[in-house]
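**Q** Read top to bottom, the protein sequences are chains A and B. Heads up: the first sequence begins at 1316 in my numbering, then just goes up one per residue. Heads up: the second sequence begins at 1256 in my numbering, then just goes up one per residue.
In short, the hints are calculated from the structure, not lab data. A couple of the hints might just be wrong.
[Unchecked claim] Computed spacing ranges between beta-carbons, pair by pair: (1) B/Glu1256 <-> A/Glu1400: 34 to 42 Å; (2) B/Lys1272 <-> A/Pro1376: 40 to 48 Å; (3) A/Pro1376 <-> B/Pro1366: 42 to 50 Å.
Each residue gets a CB set at the ideal place from its N, CA and C atoms; glycine is no exception.
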Amino acid sequence: EAGVAQSPRYKIIEKRQSVAFWCNPISGHATLYWYQQILGQGPKLLIQFQNNGVVDDSQLPKDRFSAERLKGVDSTLKIQPAKLEDSAVYLCASSFDRGTFYGYTFGSGTRLTVV
Amino acid sequence: ELKVEQNPLFLSMQEGKNYTIYCNYSTTSDRLYWYRQDPGKSLESLFVLLSNGAVKQEGRLMASLDTKARLSTLHITAAVHDLSATYFCAVVNFGNEKLTFGTGTRLTIIP
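The shape of chain A in the complex, shown without the other chains:
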């Protein structure tokens, strides 16, 4: 079974620029999450989708972050404009059954550096 695919793997941008990350979950996984992991900390949930609907985006800084999941499959996370404190690893995760049995599978992440 293919895992959760994310791209790009690394990205370096200047502050105030924009950036987008892409996630392709495991086929058939209805639930998709975006997490932000700052160095030395645990992952923090940004947004949760169920199919193509948003379940929770309470911790998404909506003035600069946006996310969408078209057709309930792939998802993109965008930051515009980026700030220095956005430097982190952005992790995408998906689940077949809302984690009730098989848990959640994480992608390899996108490491963002804002300079």
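Since the structure of chain A is already known, use the hints to place chain B on it.
**A** Chain B in isolation, oriented as in the chain A frame:
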């Protein structure tokens, strides 16, 4: 708001010793997960604990869940160097299905 705390945050132990990592959470949940993360890598699923009293074991790692005490433990038996990593517990909020991670425990096994 669901809060998840782990202790210790850092753990340095010698090979061959036993130790336990603790995960406490603040609100009702019936699902808890343990993940391992190596430096620069993503999260690897270790255990899925779905009910009170659940116990799972894989090699030198054993995880348990006490939903009444809102406590999970990850026990390491006869540690080996390969177990050096950061370990996270994560808990699903019973109401909104939100998966919240703990602070992580950075484990270093010294030969």
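**Q** Could you run down the list of hints and mark each one as holding or not?
**A** Hint-by-hint comparison with the structure:
no., hint, in the structure
1, B/Glu1256 <-> A/Glu1400: 34 to 42 Å, "violated, 21 Å"
2, B/Lys1272 <-> A/Pro1376: 40 to 48 Å, "holds, 43 Å"
3, A/Pro1376 <-> B/Pro1366: 42 to 50 Å, "holds, 44 Å"
The structure does not agree with numbered hint 1 stated previously, though it agrees with all others.
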